[in-house]
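Peer 1: Since the structure of chain A is provided, determine the placement of chain B with the ligands on it from the hints.
Residue-level listing of the chains:
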Amino acid sequence: MVEFSEIEKRILRETIDFYEIPEGAYNFRINGKSVAKKSTANIDVMLKPNGKGLEIRVRPGTKNESVHIPVVISASGMREVVENDFYIGKGAEVLIIAGCGIYNCGGESSRHDGIHRLYVEKGAHVKYIEKHFGFGERLSKKDINPTTEVFAEPDSLVEMELEQLKGVSSTIRITSAELKDNAKLIIKERLFTHGRQTAESKIKAVLIGKDSTVDISSRAVAQDYSVQNFSSNIIGEGECRGHSECDAIIMDHARVTALPSLTANSLDAELIHEAAIGKIAGEQITKLMSLGLTRAEAESKIINGFLK
Amino acid sequence: MLVLRDISYKVGNKTILNNISLEVSNADFLIITGPNGSGKSTLAKIIMGIIKPTTGRILYNGKDITNLDVTERAKLGVSYAFQQPVNIKGLRARDLIEAAVGAPIGDTSAGKYLKAVGLNPVEYLDRELDNSLSGGEKKRIEIASVLARNAELTVFDEPEAGIDLWSFSDLLKVLKKQQAKGKTQIVISHQERIINAGNKLIVLKNGAIDG
Ligand SMILES: Nc1ncnc2c1ncn2[C@@H]1O[C@H](COP(=O)(O)OP(=O)(O)OP(=O)(O)O)[C@@H](O)[C@H]1O
Ligand SMILES: [Mg+2]
Chain A
108 MVEFSEIEKR
118 ILRETIDFYE
128 IPEGAYNFRI
138 NGKSVAKKST
148 ANIDVMLKPN
158 GKGLEIRVRP
168 GTKNESVHIP
178 VVISASGMRE
188 VVENDFYIGK
198 GAEVLIIAGC
208 GIYNCGGESS
218 RHDGIHRLYV
228 EKGAHVKYIE
238 KHFGFGERLS
248 KKDINPTTEV
258 FAEPDSLVEM
268 ELEQLKGVSS
278 TIRITSAELK
288 DNAKLIIKER
298 LFTHGRQTAE
308 SKIKAVLIGK
318 DSTVDISSRA
328 VAQDYSVQNF
338 SSNIIGEGEC
348 RGHSECDAII
358 MDHARVTALP
368 SLTANSLDAE
378 LIHEAAIGKI
388 AGEQITKLMS
398 LGLTRAEAES
408 KIINGFLK
Chain B
713 MLVLRDISYK
723 VGNKTILNNI
733 SLEVSNADFL
743 IITGPNGSGK
753 STLAKIIMGI
763 IKPTTGRILY
773 NGKDITNLDV
783 TERAKLGVSY
793 AFQQPVNIKG
803 LRARDLIEAA
813 VGAPIGDTSA
823 GKYLKAVGLN
833 PVEYLDRELD
843 NSLSGGEKKR
853 IEIASVLARN
863 AELTVFDEPE
873 AGIDLWSFSD
883 LLKVLKKQQA
893 KGKTQIVISH
903 QERIINAGNK
913 LIVLKNGAID
923 G
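Protein sequences appear in the order of chains A and B. Residue 108 is where the first sequence starts when you use this note's numbering, and the numbers rise one by one after that. Residue 713 is where the second sequence starts when you use this note's numbering, and the numbers rise one by one after that.
The shape of chain A in the complex, shown without the other chains:
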């Protein structure tokens, strides 16, 4: 079995909650190479011939299985583009844990662009968890740009938890989905930026099928001089329901833009967007201070709760 360095272990802990090699299928990509890979009876994990990504096939009817596909970059100046394709068979239930972490202390910028395509067959249920993390020298660039495309066939359910809480210098996150009849997509996004970091998140969902549903909840905290841009775009083609909620806490000299867009191409499309940007309410801090917390403790309690 592979031995990970302390830095790699730290990144794996932060991104996929790693303490030992997980059960089920996996692929560990460290500095551009697959260092550990396993398929199971129901999940095939294959390296693409060009070495730039994976093809993952989950057999129809698979129940309760998981696939971990962490990416670690610890070599300064490393840049890569990875394309992973997931084929989730009919009625399969699977948990995908994708995480990416960058350690950079060098003068060159490191960058990972990951393109994930999820083809989710009829009645399948996918839970997709993705955490991004960076650490090292503050001024060394650590960029992570995920693009995720979801194709949800009828009656499927896709739940996505997207999280970037620390250390990523800049990110452009693009998530798009097409939903057929009675397909449901739930997206929970959590973003935290500080220093001079920038984050941009664009989410687009096209509700093609009858009774398709999307529910997007994005919560973001921007500190210091960081800048965030959020945009969501829900398009309803027929009888469908879309809901998006964007909440941001802004602190210090940060800047946040939220751009919601809804398009109804049918009388029966029910689409809602809620957006709120504001600083932490003084009353919230006062309440926690009256319970004995200092102002700083109160602030961090409020932020941690908000991003949970």
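It is worth saying that the hints were derived from the structure and are not from the lab. Since the model is a prediction, treat every value here as computed from it, not as a measurement. In this text, a Cβ means the ideal position worked out from N, Cα and C, and glycines have one as well.
If you only want the chain B side, here are some residues facing chain A, beta carbon under 10 Å, derived:
no.	residue
1	G761
2	I762
3	V782
4	R785
5	V790
6	F794
7	V858
Peer 2: This is chain B with the ligands only, laid out in the frame that chain A set:
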């Protein structure tokens, strides 16, 4: 234990509190009542340190606390149940109670405080402090958080507001139990049954003590 000396509070040229002096002794159950807008909540916030009086001094156990901030007063044993509980998105009832206790606690201990205010812990420990809670539920969680402080002095700001009649007697029990434990309480109320439970009463009118 608490002495207010000539407390006045002005915003611009509007006088909200005018020369309030009062003394609260250990284990007192002091009732403050008076019309809407008479300055009751303002006085409560001055005791907690949320707002600073324009003039006057506040002494707590003989110590001048006029210039102490909210946290410092909380650490000395002062506590305040807000008239209007605040929403804190993402924070759960258990987080608030844990913050009040000041140390990690298990479900049973956290649940105890919810039970005391008539909420089923199984249902409410993980509820978020947002508008999915009804007014009465928020109010009860607010009171639970203050009970979890186990403070020497607590100011309850209209604890009965939004609480239905059935639970009203439970609330009264909570207050009386605190009193029996020797806790000092200042209860702002418009409710006769609560007013009758106190051992001292002051009436505020136009920012001054009446009579
Ligand atoms: N910052 C402020 N600026 C202007 N007026 C204020 C300010 N704070 C309080 N007031 C006014 O001071 C008065 C007293 O307010 P306070 O909230 O203390 O009343 P209260 O006695 O608690 O009333 P209620 O019974 O309605 O709770 C009110 O007229 C209120 O509008
Ligand atoms: Mg009031």
